[in-house]
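Each protein sequence line maps, in turn, to chains A and W.
Following our numbering, the numbering of the first sequence begins with 1 at its first residue and continues without gaps.
Following our numbering, the numbering of the second sequence begins with 1 at its first residue and continues without gaps.
Worth flagging that the hints you see were computed from the coordinates, not collected in a lab.
Predicted model, so just to flag it, every value in this text is computed and none were measured.
Beta carbons: idealized from backbone N, C-alpha and C, even for Gly.
Hints may be right or wrong, so weigh each one.
Just a few of them, taken from the derived set where beta-carbon distance is under 10 Å, the chain A residues facing chain W [stated by the list, open to error]:
1) S69
2) F78
3) A94
4) A140
5) A143
6) R147
7) L155
8) P157
9) V165
10) G169
11) F172
12) V174
13) A182
14) L194
A few chain A residues that don't get close to chain W, going by computed Cβ distances all over 10 Å [as the list claims (entries may be wrong)]:
15) G9
16) D33
17) H39
18) R61
19) R70
20) P71
21) T76
22) D79
23) I85
24) H119
25) L122
26) P123
27) R128
28) V207
29) T251
Distance ranges between label pairs, derived from CB positions [what the hints assert, rightly or not]:
30) D254/W - P71/A: 34 to 42 Å
31) P22/A - G99/W: 54 to 62 Å
32) G49/A - S129/W: 46 to 54 Å
33) G67/A - H39/W: 56 to 64 Å
34) G130/A - D136/W: 51 to 59 Å
35) V207/W - P22/A: 54 to 62 Å
Number of protein chains: 2
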Amino acid sequence: MGRLAIIAGSGQLPVHLAQAAPDALRVGFDGIDTEVALHHRFRFEHLGGMFDRLKAEGVSRLVMGGGMSRPALDPTLFDAGMAEIAPRLLRAMAGGDDGLLREIIAIFEGQGLRVVGAHEILPDLTARSGLLAGPDPSDAQLADLRRADAILGALSPVDVGQAVVVEGGLCFGVETIQGTDALLGFVAQTPAHLRRGAGVLVKRPKVGQDLRVDMPSVGVTTLDHLQRAGLAGLVISPGTVLLIDSETLLTEADKRGLFILARRPE
Amino acid sequence: MGRLAIIAGSGQLPVHLAQAAPDALRVGFDGIDTEVALHHRFRFEHLGGMFDRLKAEGVSRLVMGGGMSRPALDPTLFDAGMAEIAPRLLRAMAGGDDGLLREIIAIFEGQGLRVVGAHEILPDLTARSGLLAGPDPSDAQLADLRRADAILGALSPVDVGQAVVVEGGLCFGVETIQGTDALLGFVAQTPAHLRRGAGVLVKRPKVGQDLRVDMPSVGVTTLDHLQRAGLAGLVISPGTVLLIDSETLLTEADKRGLFILARRPE
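When you get a sec, could you build the whole thing from the sequences and use the hints?
Shown next as structure tokens:
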């Protein structure tokens with residue numbers, strides 16, 4: 001196996017990846033903050049230069065980790081390699097996340113780079129099945145879970161909605177491009193007269209979501225937002241959702257009385 | 001035909017209904033503000049008393065108009081009539097809007113009261129087909145419309161989403177229990193680096209939505225929120241979405257350069 005490269009975005013995930021693979025080449029992008037010390041940093045417009053660099057350093061596999069926002073691209077800055085792939089990339093950027101990320105994988109693999117998932121480098125970072133922290137969810141919360149899964153199931157074919165909030169049978173929010181924290185911020189603003197106790201956040205990969213580049217994750221900041229949104233807990237899929245800094249996450253959830261349940265959809 | 005009763009909620013719709021049917025009995029609920037001068041006001045817990053009053057006044061038809069939030073009910077205050085229907089009502093309140101409103105219609109009709117839609121009293125209040133105001137939507141915005149309709153179509157079977165915002169092919173928000181204005185407030189907070197020009201709000205009845213009690217509506221305040229959200233315009237279904245104060249609405253949309261397009265889904 002050739003050398004591994006980590007494409008590092010924001011948050012704790014790339015830090016864990018770098019610890020697990022200390023020999024990996026760490027690269028990042030201008031405009032994307034990362035807590036990892038990078039070997040190389042590129043403009044998005046210079047992807048051609050990045051591919052050349054990865055090959056020159058003997059990289060044959062890469063893993064993407066951490067948050068990465070969709071960049072505004074300046075076509076006048078494209079290098080030759082980027083100019084070649086830009087039409088595919090821009091077409092895919094007009095669609096949902098899944099389509100874009102599938103295209104990015106195809107582009108990397110067209111360069112002879114195999115894309116691996118963060119869960120392959122860090123298998124312990126995903127949840128095992130069961131109640132991981134906090135109190136047992138109530139029957140009403142389990143009913144909310146089933147309703148959330150019906151909504152996620154309906155949305156999956158149109159590539160929307162990695163997370164849904166349901167409370168007392170009512171849908172309080174659907175995750176869109178702004179992400180889970182923004183969704184929970186929206187739920188927190190729900191007028192009191194609409195609230196129906198303490199509902200649940202259900203977060204799962206969409207059907208067909210490629211976990212190699214886009215793995216749902218939860219961390220302590222998710223708990224902060226969950227608490228501010230007045231929810232009782234969090235349901236995730238075992239094996240396919242990353243627990244960022246899992247020891248602290250589970251301890252904190254216990255301490256705050258928030259449940260974390262890893263269970264497949266029925 | 002017996003006398004008409006207007007069950008008045010917030011906003012301009014009950015005002016228009018009261019003007020169009022000056023002989024109607026106007027009733028409302030404690031905790032629901034309305035701009036209509038009411039003949040009678042009831043607690044939600046006293047629905048039995050309301051039915052008796054409507055019958056005593058010779059009412060045989062009723063129309064519901066305006067915003068009405070889901071109330072928190074105090075069972076210790078239920079009158080006899082309410083105690084009888086409460087189990088059905090509470091069960092339905094745990095579900096989506098459609099189920100609840102279907103149940104409310106069934107309860108009214110079980111009392112011998114025929115429920116009519118606001119569009120039957122005020123047919124001129126719904127949109128005719130075509131571009132009603134503002135500039136022609138761009139090709140990108142028409143593509144956003146098609147993507148929004150795909151999302152609304154996927155959500156319809158699970159009784160979520162009377163409106164969706166799409167911009168540059170990306171879903172920026174799905175209407176949930178908090179309503180259209182809250183959805184647009186959420187979209188307004190989208191970080192600039194995620195924005196893709198000026199997208200569209202698409203608002204339609206859900207498949208199977210009973211227009212007699214739950215008709216989507218747009219008004220000048222919708223334009224205010226649309227503008228703050230940085231969107232280019234609004235697509236609605238002809239014949240089934242109420243235009244509140246339509247003359248002002250269309251003039252204002254023209255003035256602000258926001259399009260209003262009434263077009264069925266493809």
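Violating hint indices (sorted, rising): Result: hints 2, 19 and 20 break, sorted rising.
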